[in-house]
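All chains, full assembly: derive it from the sequences and hints.
Take the sequence shown: its letters are residues -22 to -1, 1 to 178, numbered as in mature numbering (1 follows the signal peptide of the UniProt record, and there is no 0).
Hint data in this document are derived by calculation from the structure and do not stem from the laboratory.
For glycine and all other residues, C-beta sits at the position ideal for the given N, C-alpha and C.
One or more hints might be untrue.
[As the list claims (entries may be wrong)] Each pair of labels, with its calculated beta carbon distance range:
hint, residue 1, residue 2, range
1, Lys145, His74, 18 to 26 Å
2, Asp91, Thr156, 23 to 31 Å
3, Gly162, Asp86, 19 to 27 Å
4, Gln49, Gln73, 35 to 43 Å
[Said to hold, decoys possible] With a straight-line cut-off of 25 Å between C-alpha atoms, the simulated DSS-like cross-links for lysine-lysine are:
hint, residue 1, residue 2
5, Lys88, Lys145
6, Lys136, Lys94
7, Lys125, Lys145
8, Lys88, Lys136
9, Lys125, Lys136
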Amino acid sequence: MRIVHTSLLISFILSTSGCSLSQPPADESQEEVMTSVGEKAGSEHLFELNQQDYMQEQIVKNQSARMSRSQQIELAVEAAVNERVEPILLSQPTQHTIYFTFSSPMVDSKWNDQLKQHVNYLSSDQSIRLLVAGFTDAKGSADFNLKLGQLRSNNVCKELEALGARKEQLTCVSYGETHPADPGSSDEARARNRRVELLY
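See the structure below:
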């Protein structure tokens, strides 16, 4: 009988110890709980960030919606033009006026260096167009001055072409005695009005 009781006691001890061995340590259970809590907190933080991004995106969309389509196009064109034009303007020649002696359409050779700068600028981009505008002082008839202004303009265009400018880039016109650079009647004022202006 004692042998039976002893074997039963041993079996009971082994079964209970086996159960205790199969249970995870308290520390491991706590780690699992902490991990799941941490994952939850991380996902909540990520959700908050995504929500902030979404709200910011909606604000930008709402601001764009308030802008008319024509305004959006205008801003886009302005940005594109500025991107292309600004570097071109920086390289544009600073001297734009050729002066003439009284009643003469001839271009003095002293202006060659200035004209060459304009030719170099025109050669940098074949889409650039140059308006060559001839002017005179107020002496003489309006008809004569209109023709004289055209001769001056034509001669400057010829000089530009001789230096390498493309004819397609040039437009030669005359304004005669109109649009004076100096409205005065002195010799100095008249000298400032006998000119050709190179306009981009």
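Q: Would you list, in rising numerical order, the hints stated earlier that this structure does not obey?
A: none
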